[in-house]
Structures are given as C-alpha cells and as structure tokens.
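There are 2 protein chains.
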Amino acid sequence: MESETTYQLLDGKQTSADIKAELAVEVEKIKAAGGSIPHLAAILVGDDGASHTYVNAKVKACELIGFKSSLYRFDASVTEEELLKKIEELNNDPDLHGFIVQLPLPDHIDEQKIIEAVAPEKDVDGFHPENIGKMALDLPTFVSATPYGIMQLLERYKIDTVGKHCVIIGRSHIVGLPMSILMGKKKNPGNCTVTLCHSRTANIKDFTLDADIIIVALGSAEFLTGDMVKEGVVVIDVGITRVEDNSKKSGYRLVGDVKFDEVAAKSSYITPVPGGVGPMTIASLLMNTLTAAKRGS
Amino acid sequence: MESETTYQLLDGKQTSADIKAELAVEVEKIKAAGGSIPHLAAILVGDDGASHTYVNAKVKACELIGFKSSLYRFDASVTEEELLKKIEELNNDPDLHGFIVQLPLPDHIDEQKIIEAVAPEKDVDGFHPENIGKMALDLPTFVSATPYGIMQLLERYKIDTVGKHCVIIGRSHIVGLPMSILMGKKKNPGNCTVTLCHSRTANIKDFTLDADIIIVALGSAEFLTGDMVKEGVVVIDVGITRVEDNSKKSGYRLVGDVKFDEVAAKSSYITPVPGGVGPMTIASLLMNTLTAAKRGS
Chain A
25 MESETTYQLL
35 DGKQTSADIK
45 AELAVEVEKI
55 KAAGGSIPHL
65 AAILVGDDGA
75 SHTYVNAKVK
85 ACELIGFKSS
95 LYRFDASVTE
105 EELLKKIEEL
115 NNDPDLHGFI
125 VQLPLPDHID
135 EQKIIEAVAP
145 EKDVDGFHPE
155 NIGKMALDLP
165 TFVSATPYGI
175 MQLLERYKID
185 TVGKHCVIIG
195 RSHIVGLPMS
205 ILMGKKKNPG
215 NCTVTLCHSR
225 TANIKDFTLD
235 ADIIIVALGS
245 AEFLTGDMVK
255 EGVVVIDVGI
265 TRVEDNSKKS
275 GYRLVGDVKF
285 DEVAAKSSYI
295 TPVPGGVGPM
305 TIASLLMNTL
315 TAAKRGS
Chain B
25 MESETTYQLL
35 DGKQTSADIK
45 AELAVEVEKI
55 KAAGGSIPHL
65 AAILVGDDGA
75 SHTYVNAKVK
85 ACELIGFKSS
95 LYRFDASVTE
105 EELLKKIEEL
115 NNDPDLHGFI
125 VQLPLPDHID
135 EQKIIEAVAP
145 EKDVDGFHPE
155 NIGKMALDLP
165 TFVSATPYGI
175 MQLLERYKID
185 TVGKHCVIIG
195 RSHIVGLPMS
205 ILMGKKKNPG
215 NCTVTLCHSR
225 TANIKDFTLD
235 ADIIIVALGS
245 AEFLTGDMVK
255 EGVVVIDVGI
265 TRVEDNSKKS
275 GYRLVGDVKF
285 DEVAAKSSYI
295 TPVPGGVGPM
305 TIASLLMNTL
315 TAAKRGS
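Chains as they are written, first to last, in this note's numbering: chain A, 25 to 321; chain B, 25 to 321.
If you're looking for bench data, these hints aren't it; they were derived computationally from the structure. All of these numbers come straight from a predicted model, not from anything done at the bench. Warning: the hint list may mix true and false statements.
Identical copies go unnamed one by one, so any copy, or any two together, can satisfy a pair.
To be verified - With a straight-line cut-off of 27 Å between C-alpha atoms, the simulated BS3-like cross-links for lysine-lysine are:
| no. | residue 1 | residue 2 |
| --- | --- | --- |
| 1 | K210 | K137 |
| 2 | K211 | K137 |
| 3 | K209 | K188 |
| 4 | K137 | K209 |
| 5 | K182 | K209 |
| 6 | K109 | K44 |
| 7 | K84 | K229 |
| 8 | K229 | K209 |
| 9 | K110 | K318 |
This is chain A alone, in the form it adopts within the complex (with noise of 0.2 Å):
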C-alpha cells in the first residue's frame, strides 16, 4: 500500500533566524528606552575542538543580535578554586545578566560543584538543580537549551499537544527527562499524556506505534524506524551521530535517532538533521539572556 503523507518539516534552522530577527529588534527596543543591553558571558576551559566551536557560535550570534558577550579562557590546569573564584566574581557583576560554563570540563574539577556555583538567577543554560526544580514545579526559571528549543519548535508550529500521546525515548537529564516533565505540564505546548521509554523499556514499539508525538533522544542512529509508527504521528529527532558514507567527501555523514524516509512519510511533522533541534539551541540560550536581563533590570 503506498501512502500519500505529504509531512511539514519542523525547520529549527529558519525558527532559529526568527527568534534571532525578533532578539535584535528587542535590543532595538532596549536601546531606545535606555535599558541595558543583555550581556552574557562564557567560560571556556582547554582546548576541547567541540567546545571552542561552540562557544564560539554562541559569541558570534550574541554580536550579531546586538547582545553584550565577554568570553573567559582558563588553561585546562586551572583549579577547581580559580574557576569557583571567576563564578563568585560573575555572579556578583552587576553588568552581567547570565553565563555559562561550557562542559565538559577536566577531569579533576567536580562538574556538578562547579554547576551548583553558578547562581540560579544568571544560570541560562538552566543546570541549577534549583532551575530544574523550579521547571519541574512550573515557576519562573531558565529551561536548558534543547529542551526549550524543542518547545519553541512546538510552539511556533502550532502543533496540537493537549490530550495527545507523547513518547519520549530517552532519559538523559539534558534533554529526555525535562521534556517528559514539560510536555506533562497544563500548559500550552503541554497537557500531554507523557510515557517515558529508556533502555530497560520492554516492548517499545508497543509505545511508540500508540504515540501521537514521538520525542527521540537516545543517539543512537536511525534507531526509530518506519514499522515503529502510526500515520500522522509529529516526530522531534535529537540525535546526531556521525555515520561513514563513502559517497560524501568527508567520508560521513550526520543522522539522527530517527530513519527520516520511512519515517517522514507517516509524519505530519518531523524535525530534519541536521537542521532541526540543533539550530534551536543558541537561539534559547539567547532568549534566556533576555529573559534574565529583563529581570534584572
């Protein structure tokens, strides 16, 4: 039997220029009723390749939308001390409306002392356990980089959530269990039925076969397959892994958690890779910057 789905994609790429576009003239507006401008800085520590691109990306956006950024380098040696100094030091700038800590970090600095550091009201990448606490608990807080991209993507494409079945495979505490606690919430996008899948889930293609929204965070390559999903479903792909592939130049190419063709074509909508999730996630970096300077001003 052929189908004949015609799917939307979810384009984080193009998403991700509109809130771009919307932050600037936002600065605009700031500017104009003499308020201060959102600054956000970054701490960067060594020489990881990954990192510095990173950084560097969400440096670059900051610039481009009119936003203050200030960039912190510290040697791979630096102690664990020197780095609880700078935080102490940015929190209590009274210039700075949020920053973040580019992870990973070296092995003999405690990643969660250091996160734990950051004080909850500049802490825009949203890994307080008090900002997680307080998602979880629907207050005001900053919601980490994905999983607020993913709202967003949501949001903006008017996907319909309430009643819906969401299945969410994957429960890493970056993206897999805020999602499973947000998309549960009374709220819009929200006010789904949620079912988290993980490793030890038995039968999941009974889940996943009966999700109206199928959420995959597992990176694992083209885990989620054709067979595994009902006709219509809104699928939001995570992942992103290097496969090889000969016929490329670079000799791989990038897929996601998702097989997209087999998938897509039972989709009404579903997030590409590259190009869906991933863009989104400076763009809310950024919007948490706002936020934090809104509030702060």
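Since chain A is already given, all that's left is putting chain B on it; use the hints.
Okay, now just chain B, sitting in the frame of chain A:
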C-alpha cells in the same frame, strides 16, 4: 469467570512501625557513640484543626523514637516578615538538623516564598525547588514524604519494578509528578517505563489496562475500577476521601481513589485505605531527619 487471585496488602501501618523501630535503634547507636541526637522542628501557624493534628503526630513520633523535637507556634496574624525571621533563625541553629513549616499558611503569606526561605539542607519536607531538582537529577536530597513513603513500600515488599509499565494518575507537585520522576530512574525500585496520566488524558483505561503498576493520586473517590486493570497489577492508592455512610457511627467512611474490592481481586499487591500510604508519610519525614542529622555530624 471467577478470579482466584489472592492479593497481598502493602501494609503501610506495619511498615511505618518497622521503620520507626529501626530509627529508634539508630538513635540508641548515635547516643552510645556520643553523636548528636536528630532534632526536628515544626512551625505551626494559626488554628487549622488538621494542621494541629498532623504536627502533633509528628512531634509525638519524634518523642517515641527518641528524636529531639521543637514546636514553634504562631498566631494566624503573624506577618510574613516574622515568619521569615524565625526560618532564618532555624536555618542558622547548629543544634537543629531539619525543620518543616506546616502548610497551608494564611492567605496573606506567600507560601512559595516561605518554602524557598528554608535552607535546602534542612528542608526535610523536600519542598524546596533545589531539592526537587536534585531528586530529578538523582543527587543526594530529601524526597518529600508521600513519594518517599511509596518508594519505601515498594522496596520493602521487594516489588519487581524493572522494565515494568508504571502508570501514574494525577500530576500534582506533591505526589504524581515526583513519582513519575522517581519510577523512571535507573534505580531499584525504579527503571519503569512511566506514563503520567491526568485530567486531560484521553482513554485513560487504555493506559491502566496495560499497566503492571498503577499509582493513583487524584483525590477522586473510587476512581479506579476493576474493569480498568489487568490481572496481577500492583496498585498504590494515594487518595483519601470521606464519603457519607449512614451505617457508620461517624456518618462517613474513608475511601481511596481505588474501588478496593474489585481492583484487589485482580491485584498481586495493593495498598489499603486507610493504612497504606498514609502512615508512611511520618516515617519518611523521620528518615529524612535522620539523614540530615548524619550529614550534619
């Protein structure tokens, strides 16, 4: 077709008594070692009858097992400022390991502000957002009384939870939401595939009929009926409602969220109401207080 299933009661009254006896032994050990006796304080505001009953039961339980307890009573007219001052004092009292502010508070006091004023390391009620966040992140914390009590019941009755489908009905911040987080964790008890259902869930019976474990926390008398569950299910009933009953001297009886006889006939394990989850809550509070005392010493 007749059902011959014999169910086992998850006896909260007995389990709570067991825990208290264990805690009394712990206190003796601490005394013998010259350590500091766990000390719990309660702040009680106004004349609400139920609040008095709860607080008195907590104080009495402390005395019974040898904990120190303190009770601070305020008139309903107490200002928020006075209350915050007392909380600050208790936060800084080196002789006190944990304290609670009995809720609800009078309307002129911002309950959330009070909750957040309690130092997380003394928040044995587990209501502070930081502690809820730490629960979500699986960091050392205080889990609040009802969820902790349910986890204790599952653990002590050695209920097999790994890979089971746990359906939770009700998304309150006090029970449903934390249970949904705890049951999905990579722990034992835990490691369930968790579905969180609520008022906006469509076809709730489809979910409950598939469930291996059902936790009902709706506050809706006899909501879960026999036709909604499968043979062998484990049922935790958190509800407790007074319903009129002229055959009783008092004119009422207490019922849970589960139509007990019908559901019990198909269950492997089930909590009674009363005598199931209810009695576990004070035991949880005492366990948290012991934990606080051990951390502090």
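Verification of the hints:
no., hint, verdict
1, K210 <-> K137, "between (33 Å within a copy, 22 Å between copies)"
2, K211 <-> K137, "between (32 Å within a copy, 23 Å between copies)"
3, K209 <-> K188, "both (12 Å within a copy, 24 Å between copies)"
4, K137 <-> K209, "between (29 Å within a copy, 22 Å between copies)"
5, K182 <-> K209, "within (17 Å within a copy, 31 Å between copies)"
6, K109 <-> K44, "neither (32 Å within a copy, 44 Å between copies)"
7, K84 <-> K229, "neither (42 Å within a copy, 51 Å between copies)"
8, K229 <-> K209, "both (25 Å within a copy, 21 Å between copies)"
9, K110 <-> K318, "within (24 Å within a copy, 32 Å between copies)"
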